[in-house]
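As you go down the protein sequences, you meet chains A and B in turn. When the first sequence is numbered by our numbering, its final residue is 318 and no position is left out of the sequence of numbers. When the second sequence is numbered by our numbering, its final residue is 108 and no position is left out of the sequence of numbers.
Simulated from the structure, these hints should not be mistaken for laboratory data. Even glycine gets a Cβ: it sits at the ideal position worked out from N, Cα and C. One should not assume that every hint holds.
Derived, one-sided and incomplete: chain B residues facing chain A with beta-carbon distance under 7 Å [as the list claims (entries may be wrong)]:
hint: 1; residue: 18
hint: 2; residue: 39
hint: 3; residue: 43
hint: 4; residue: 55
Derived CB-CB ranges, DEER-like [claimed, not checked]:
hint: 5; chain 1: A; residue 1: 155; chain 2: B; residue 2: 50; range: 25 to 31 Å
hint: 6; chain 1: A; residue 1: 60; chain 2: B; residue 2: 53; range: 17 to 23 Å
hint: 7; chain 1: B; residue 1: 98; chain 2: A; residue 2: 22; range: 30 to 36 Å
hint: 8; chain 1: A; residue 1: 295; chain 2: B; residue 2: 69; range: 25 to 31 Å
hint: 9; chain 1: B; residue 1: 35; chain 2: A; residue 2: 83; range: 19 to 25 Å
hint: 10; chain 1: A; residue 1: 281; chain 2: B; residue 2: 29; range: 46 to 52 Å
hint: 11; chain 1: B; residue 1: 83; chain 2: A; residue 2: 163; range: 35 to 41 Å
hint: 12; chain 1: B; residue 1: 31; chain 2: A; residue 2: 77; range: 24 to 30 Å
hint: 13; chain 1: B; residue 1: 31; chain 2: A; residue 2: 295; range: 40 to 46 Å
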Amino acid sequence: METLELTQEEQFQARIDEDIRIEPKDWMPEAYRKTLIRQISQHAHSELVGMLPEGNWITRAPSLKRKSILLAKVQDEAGHGLYLYSAAETLGASRDQMLADLHSGKAKYSSIFNYPTLSWADMGTIGWLVDGAAILNQVPLCRTSYGPYARAMVRVCKEESFHQRQGFEIMQTLCEGATEQKAMAQEALNRWWWPTLMMFGPADADSPNTEQSMKWRIKRFTNDELRQKFVDMMVPQAEFLGLTVPDDKLQWNEAKQGYDFGDVDWAEFWDVVKGNGPCSRERLQARVDAWDQGAWVREAALAHAEKRKQRAA
Amino acid sequence: MSQKEWPLWEVFIRSKQGLDHKHVGSLHAADAEMAIQNARDVYTRRLEGVSIWVVESKHVHASNPDDSAAFYEPANDKIYRHPTFYTVPDSIKHM
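Sequences and hints are given; from them, build the entire structure.
Dropping the structure here:
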């Protein structure tokens, strides 16, 4: 029995090594299933909670054009959450259970959304910087080994590109505007830069799951590799905008053809992960309230559907 | 709790006239009408479709991947079903 199980797992790994996608009804190790449910549902929760910091500015967008764009972006995030929840459900997770885990605080979501959005420039910075980081994380996931997750990510990535561009456009407009507008852009970058670097997760040395996830090809790059790519990609863009990245250790390293940069404040990262971010309680409360206040709608819709079914019978 | 969950629906979309409907994902809805409206919002925000099918997931029956080897094996040795099995002289045109 023991050897048979091993063979099954070896066969599974061989398929992964050949880049053959795993589909819902295929045999998979329990740990693979669990890791995926955790990762996909965390990702879905991040999209859902990610609507809140931006939703905060919909009523105060500076023009009808910006308001329409922001509405579309927030609607996309709801959509991304739904693609991902449905991918997690193919692994046997229940939607209500995933949401219950979010609401109880058992499940995590990206720590970035626990920071406040204080000015309009934050809408630019989130699109440009935060979505830029998200894209770096997400593009390799389009080739992740689990089919439904990879397919959901293809759709997400297609839409995410608009998010980043509209953010950059907001930043560019501010940076080409009045001195006060440019100062607003700089101030937003100062607040968001370090939390954005934290989005790639703990340093490789402190990320015990990375090795197994890479072996299963759930992950394709390590956290530190992606963080380095991000810095190398973003510094020239900040320079174009005439903004200063808030890191005195930032320096071009000719030998590695990349930037050296300062250390992330990991104490802050873990504190936010534990639920002590500036807006952690507010964000979670908003989700719980939305769920509780929507209960009667969910029940009424079911009752209505049931009544119509009986009438038709 | 799971009793209150809206049923799960599989969504199929025809991206343009002349093409077949293709599976795009799933969603929850109380009934078919709501499933189609939700599918419009979730899966066609950028003109990805001109027609939507939804079917409750519990009605989908699927083959078992564990049986794949035996199930598809009979087609394996029938290479004469493919046109490339036959040699046609070079001088023969339009075949």
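Tested hints:
With a cut of 7 Å, the hint placing residue 18 of chain B at the interface with chain A holds, because the nearest CB-to-CB distance is about 5 Å. A hinted interface residue such as residue 39 of chain B counts as satisfied when its beta carbon comes closer than 7 Å to some beta carbon of chain A; here the least separation is about 4 Å, so the hint holds. At a threshold of 7 Å, the smallest CB-CB gap from residue 43 of chain B to chain A is about 4 Å, leaving the interface hint in force. A cut of 7 Å between beta carbons decides the hint on residue 55 of chain B: the least distance to chain A is about 5 Å, and the hint holds.
For residue 155 of chain A and residue 50 of chain B, the hinted distance range of 25 to 31 Å is satisfied, since their beta carbons lie about 27 Å from each other. Distance hint check: the CB atoms of residue 60 of chain A and residue 53 of chain B are about 22 Å apart, consistent with the given range 17 to 23 Å. The supplied range of 30 to 36 Å is met by residue 98 of chain B and residue 22 of chain A, whose beta-carbon atoms lie about 33 Å from each other. For residue 295 of chain A paired with residue 69 of chain B, a C-beta distance near 26 Å keeps the hint of 25 to 31 Å intact.
Take residue 35 of chain B and residue 83 of chain A: their Cβ atoms lie about 23 Å apart, and the range 19 to 25 Å holds. At roughly 50 Å, the beta-carbon separation of residue 281 of chain A and residue 29 of chain B lies within the given 46 to 52 Å, and the hint holds. For residue 83 of chain B paired with residue 163 of chain A, a C-beta distance near 39 Å keeps the hint of 35 to 41 Å intact. For residue 31 of chain B paired with residue 77 of chain A, a C-beta distance near 29 Å keeps the hint of 24 to 30 Å intact.
Separation of residue 31 of chain B from residue 295 of chain A is about 41 Å and conforms to the stated range, judged on CB atoms against 40 to 46 Å.
Every hint from the earlier list agrees with this structure, and none is contradicted.
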